[in-house]
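Generate the whole structure from the sequences, applying the supplied hints.
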Amino acid sequence: METKSVNPSYKLELTSSPHVHSRWSTKQAMWFVVIALIPALVSAVVFFGPYQLLIVLTSVVFCVGTEFLIKKIRKRKTTVGDGSAVITGLLLGLILPPNFSLSSTAIGAVFSIAIGKEVFGGLGYNIFNPALVGRAFLQAAFPVAITTWTNPNFSVDTVTSATPLAAYKFDKIFTSIQPMFLGNIGGSLGETSALAILIGGIFLIAVGVVNYRVPLAMIVGILIFAGVFWMIDPVKYPNPAFQLLAGGFLFGTFFMATDWVTSPLTSKGMWIFGLGIAFLVVVIRIFGGLPEGVMYAILIMNSVVPIINRYTYPRIFGEAK
Amino acid sequence: MDLFIIFISAAIVNNFVLSLFLGICPFLGVSNKTSSALSMGMAVTFVMVLTAIVSWILYFLILIPFKLEFLQIPSFILVIASLVQFVEMVIKKVSQPLYRALGIFLPLITTNCAILGLALLLSMREYSLIQSIIFGLGAGAGFTLALFIMAGIREELELTDVPKPFRGVPISLITAGLLALAFMGFAGMI
Amino acid sequence: MKKNKSLGYEYIKGLWEINPVFKQVLGMCPALAVTVSVMNGLAMGLATTFVLVFSSLLISSIRKFIPNQVRIAAFIVVIATFVTIADLVMKAKFPELSKALGPFVPLIVVNCLILGRQEAFSSKNNPLRSLMDALGNGTGFLIALVVMGGIREMIGSRTLLDYPILPAGFEPWLIMILPAGAFLTLGLLMGLANFYVDKKKRNQQQELIAKYRKPSTTLEIKGEEA
Amino acid sequence: MELTIIIAIATMGGLGFLFAGGLAFADKKLRVEENPLIGKVNEVLPNANCGGCGYAGCYDFAVNVVDGKALPTGCPVGGEETARNIAEILGVETGTTIKMVPKILCRGGNSEAVKKMTEYYGPISCKAMALVSGGDKLCFYGCLGGGDCVDACPFGAMIMNENGLPEVMEEICTGCGICVKACPRNIIEMHPVDRNVFVFCKNQDDPKRSKEVCSVACIGCGICARKSDGGIEMVNNLGIINYDKLDASKIPFEKCSTGAIQEIGGRDITVN
Amino acid sequence: MKIVIHMITTLTLIGVIVGGLLSEINDWASPLIAANQKAETEKAIFLVQPEGKSYETIPKTGIEIYRVYGADKNLVGYSMVSVGNGFQGKVKIMTGLSKDLSEINIIEILEQVETPGLGTKITEEPFKDQFKGLQTTPQVNWVKGKVPEQPNEIQTITGATISSKSVVTIINSGLAQARNLKERGVL
Amino acid sequence: MISLSHSKTFKGGVHPYERKVLTENMPFEFMPNPKQIIIPLTQHLGKAAKPIVKKGTEVKAGELIAEQDGFISSPVHSPVSGKVSKITVGANVIGFPKDAIVIESNETNEIVFMPLLDPEKVTPDEIRERVKIAGIVGQGGAAFPTYIKLSPPPDKKIDVIILNGCECEPYLTRDYRYMIERTNDLIAGLRLIMKAVGVEKGAIGIEDNKPDAIIKLTEAVKDYPNISIEVLETKYPQGAEKMLIKAVTGKEVPPGKLPFDVGAVIQNIGTAIAINDAVAKGEPQFTAALTVSGLGINQPKNLIVPIGTPLSDILDFCGGVKENAVKVVVGGPMMGVAQYDFSAPVMKATSGILVLTDEEVNEHEESTCLRCGKCIDACPLNLIPTKLARLSSLEKFEDAEQLGITVCMECGTCTYTCPANIPLVQWIRFGKQRVMALQKERQSA
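Chains as they are written, first to last, in numbering that gives the first Met the number 0: chain A, 0 to 320; chain B, 0 to 189; chain C, 0 to 225; chain D, 0 to 271; chain E, 0 to 186; chain F, 0 to 444.
Among the hints, a few may not be true.
[What the hints assert, rightly or not] Pairs of lysine-lysine, DSSO-like flavour, derived with a Cα cap of 30 Å:
{"#": "1", "chain 1": "F", "residue 1": "Lys439", "chain 2": "B", "residue 2": "Lys32"}
{"#": "2", "chain 1": "A", "residue 1": "Lys171", "chain 2": "E", "residue 2": "Lys145"}
{"#": "3", "chain 1": "D", "residue 1": "Lys114", "chain 2": "A", "residue 2": "Lys76"}
{"#": "4", "chain 1": "E", "residue 1": "Lys145", "chain 2": "C", "residue 2": "Lys90"}
{"#": "5", "chain 1": "A", "residue 1": "Lys10", "chain 2": "F", "residue 2": "Lys97"}
[As the list claims (entries may be wrong)] If you anchor each label on the Cβ, the simulated ranges turn out as follows:
{"#": "6", "chain 1": "C", "residue 1": "Phe93", "chain 2": "E", "residue 2": "Pro58", "range": "29 to 35 Å"}
{"#": "7", "chain 1": "B", "residue 1": "Leu97", "chain 2": "C", "residue 2": "Thr158", "range": "49 to 55 Å"}
{"#": "8", "chain 1": "F", "residue 1": "Ala444", "chain 2": "D", "residue 2": "Asn235", "range": "24 to 30 Å"}
{"#": "9", "chain 1": "F", "residue 1": "Lys221", "chain 2": "A", "residue 2": "Lys267", "range": "42 to 48 Å"}
{"#": "10", "chain 1": "C", "residue 1": "Pro166", "chain 2": "E", "residue 2": "Glu50", "range": "39 to 45 Å"}
Hints were generated in silico from the structure; no laboratory data involved.
C-beta atoms are modelled at their ideal positions from N, C-alpha and C, and glycine is treated no differently.
Here it is as structure tokens:
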């Protein structure tokens, strides 16, 4: 057949429909998250000194290195470019205590990527949030080092160096709200400044990387659950605002629980997920042996995500309600 | 309150599977479908409660008065085995659908160390009959919970690209490890 | 089925080829629970081997007299007896170990490894073969437990058989002696074992391919060879 | 102490008695008829009832294997040997005792089949390629070259060769037939291992088009059918062999212009 | 029917043999086990009362408490077992008390299931030694992160605050019971 | 006068780059008859038509050359006058070769019309009969024989006829041009359909990105109070049957059911015009109106061509393909079929030919699913595309069936929106095929 109209110098493509695609790409979303983490990183340096950059750097380098190495061993295409390992490294670094030892950081980073992610098949297949897996591993392996806190640079209190939650748990001391909002308190590198986290978090929601449902559910949840206890006994139990700002809750809210891979797919599921985390956080903080429970709460809810998904599939169009 | 603590302790804090390592075989085996995990969990819980009652009676009303503590293991296992067999027969007679849902898991339960572990623990801890029942219920609930979560994850893992040497049992073990890590959050809650 | 195997093989196969823990995935509970140290692993392995060997011996001797329907019940009772003996002996002679192993000595009864070997082997083979098989499987189990215990003790407590072997500068990973560490260690070990086996298999496969592969251009297949 | 012994004996004896009685009762009342294959498969299983396969015990696994719901390789305890035994039991199911092996009935590899003027982009998998206008090759009946069968083989008995066609290593093959199901073009068929005459093509196009799409296609000329005394029939421009009537000596292999029909292990016909 | 009889006899026979066999072995083992247990308790009693040479069980107390006598049969103090909840489960402590219950001699952790490497530090010397000669009035107290100043204070273990606190709580509750018994004149 | 806010719509969907501007303002052009016409016997859903001509038969334009064969089938007419040169297997725009009649056209171009019917006096039965013998099939893409849609089962009460003027596929402007250029024929066609089905109410759904058409149609239906113009939000796939019904009537068509079941009949704009032509002008369906567009073609156009015209002729007529073209698609960019053989002919339901460049395709590298949930948010049918695709690719058909894979209409929304660029639709299509085969097997068993 005569087809002068079709250029014969190269082969046209034969693909399945649809033939056009949106501009969104995984890579782009990943780098947005990296950008959103910058305020938290800055707050870490401001409050705890420049050494903290080394911790984060170590974490990032080892995360990326591990990912690269494992893909090499598995003879798969390297996926370092998509930025996910960088994010894991950043997140892990930012939830470690200030002046944490670099060698332990490296161990945690390797564990995060190797066991938290790659052993499940790599990006997109992991069940648990890799950074939290790394943190939980470090918590279990080096429980003393990881609960040794340093005072922030502008601290008025020179004696105690505990986090507000530990101060509450063991000594029944409440920290006031204002330093907690700015970040002038003891705690993990990136977790102390609510302000910096909010800037990053709102940016993520604004550009559409993060769905608002999970953060909203978590915040609403903690206010409700903490509020109930607070109303029962305001002396014994901390108020909701304290619960919201203390520890890693906000950081977990915006950067950990919203991780695409390990959070539910469906909107109903996202609400259940967020509320579940908030509930577990309150329960662990109040009844548990540990002062902080955000990490465990998110990990536990991560583990039930498949089940949440399963039972919250949306009603298929046209099916009886 | 005491009973509540026994229940929570057995179900979550000192979960049979994740911190006491009892019932690992069925945990690894029957956790590949949520439906069968739930059925298995229910069957185990049922048998656990029955075992708690029967072994309590056997231990505290027969073995101890007659100073036969040394017969604990063989008599417990025989009782459990016949109990399971009996339950299987009853279910089969009473309801075929129930048998298809629960009954087929019963042969597995005989060799499930969680059941015998339960019987041994309750005699060791000298629980009362009521406490034993609650303990059995809690242990069963904890087992079901772990199995159900694991099944959910494994259904998901079916769809993933786990490195070949890690497929199957190794990845299940690693997942269980991470699950145990996550459940450490409940430590100290008793 | 395969009666032509030598007695030595019946022993050797248990060590690696059908290693109870790594290959058959049996007896996981004790493998995870008691392996916080080499000593515990050793004790548990020995106790299990003891029960396995004697029950295999006994069951293969009386296998002809047991009706099929009560086979399993009879096996369990026999096993339970030997477990009780082991338990009593341990309590009487090694109270410390017995305490460390807790309820896991009685739980040998429900170790599927033991019942599994009876079903799969002893009830079909003569006592001598069964003995070798049981010894092999017991040793394989023992090896697995000691390896697990060794790794966990070394990294988790910096010691081996209570002697510090890693430098004091090494901060022990407490996770290794926690439940989570047990799962992770076993999972990783099994993964590595599979990796090694896969590699070996791949090489064999390559050889097979090289051996049986026909020249692709002519597609001449000699079907009669098989 | 005397008393203790007596009570001990009585207790254990009693328990044994009760248990045996119950079992005997169950055995009498609740026996069910079953597929004999299930028993056979159950016999080669380790019977540890560990649940490692994900089914409720070995017997349940056997039931599911026979039903085709579980793979023969599903038993982690038994390992490869058990898998082989099961596969062999299932293979025998078809009634013959001769080993069955899969035959790839297409020889249109990269160098024989004519390619389309477009290039397929998308998942490299036969089942996905078949949906997008049938992949890269012009022939709508031949091998797609995506290697689904190779991936499906649980025993590693298949490989893709340099020409983009799968090959079966019959010595490793267990005859489980999984590859047959994996092929969306149905070009893989199970045949007894001693069968050696095949039409290596499934193309049903008219002669002109078949010539256009592939240099080794059966063009439907019918020469073989006319000489074969009913051993070969022409259906939709394609020679179909009726193995009951086939007499290989009557087939004029050298007359087949594309070499689509061949006797393997016999004359070596190389087609350019 | 024959098979049924066969089944029943086989299993009954096995049961009978097993029963007999086990009771024989038990005859041999049970005294040894009892002796082991006794030795263990004795060891602990004297461990917390180093001067003790003999002891006697005090009946009808509701708790496990022993009078310990010295070389010349004089009362040197009490050895008390108290049980309570730790971080993860039961903790069982043997406490050596002075005659007037005002001072702790030595403590020994008999049983515990605390977090290995962390909570288990309560069984280690640095922690236990803090209790040597500790005043019990008004009760034992703990401080966190600083050196104890009062004679009735001990310092908690870093990272295992709850386990440390539990030990103190358990000892205090034991003490309270012991004091109560003393008042009633049972001791 | 016409408010474009408060546009009706459905949940989900996407907004692909439209690029309708390329051809929006180009009136239909008639393309001269090509030398050779290839008429596939399967131009519609259902059984192939049975040829009634042989090699060498002389035919005139409008003459029946293949008759309906079976209930779901449709006759085929020759679009040109000429001589049948062969009946053969030929390439096809739907991707797989089908039987076709090849006609060498001559210069005479004689047309045989059917007897005219008076639109005002014609009876419903007469309309249906005419639609049937004129070989009219749905223009929406699936090409379902129209006469069947006009004969709903008697137990189903039909409330409304909806004309689908959404044209939600990017690039395509055929329906838009129809609405602008043949407004009155369109309304007449709609009234004929209403008459045939016996329905009082008619509606025309139009996306709010076509204000000209909305104004023009509103003007035209002034005299018919029973016909309403429904302005809908511009969103893909607004023109899908189920979505359109949801947007216009608020009713949801249950899975496995047809629009009949919720009292609606949907017809395409082109179909309405074809019905009008068949009744009022006596013209069987032998031409196709289509949009030739895309950044890869030199002269984008709206064309009216005889069915059976090879793609290559059309591409040549539009000035040929540019150097940077990467694929040629027949249909819209979301649901169309990529072509591998340009001798494939235009069919009755062909709505467009697109020549796409890399810039438009915007394909990036495939990566693994991150479960971001964008496909779920976008899926108009509330399915879980990522899971369905994964299940299909791993051949877990039973699970996929449970999750409703057969409900999927392959609109392509999920693949379009996927940041990981996973070919979701392709996998789902595979799974759907297998699941349907399984269901059939089960039914027969």
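Taking the hints in turn, this is what the structure says about them:
| no. | hint | result |
| --- | --- | --- |
| 1 | F:Lys439 - B:Lys32 | holds (26 Å) |
| 2 | A:Lys171 - E:Lys145 | holds (17 Å) |
| 3 | D:Lys114 - A:Lys76 | holds (28 Å) |
| 4 | E:Lys145 - C:Lys90 | violated (44 Å) |
| 5 | A:Lys10 - F:Lys97 | holds (24 Å) |
| 6 | C:Phe93 - E:Pro58: 29 to 35 Å | holds (32 Å) |
| 7 | B:Leu97 - C:Thr158: 49 to 55 Å | holds (53 Å) |
| 8 | F:Ala444 - D:Asn235: 24 to 30 Å | holds (27 Å) |
| 9 | F:Lys221 - A:Lys267: 42 to 48 Å | holds (46 Å) |
| 10 | C:Pro166 - E:Glu50: 39 to 45 Å | holds (41 Å) |
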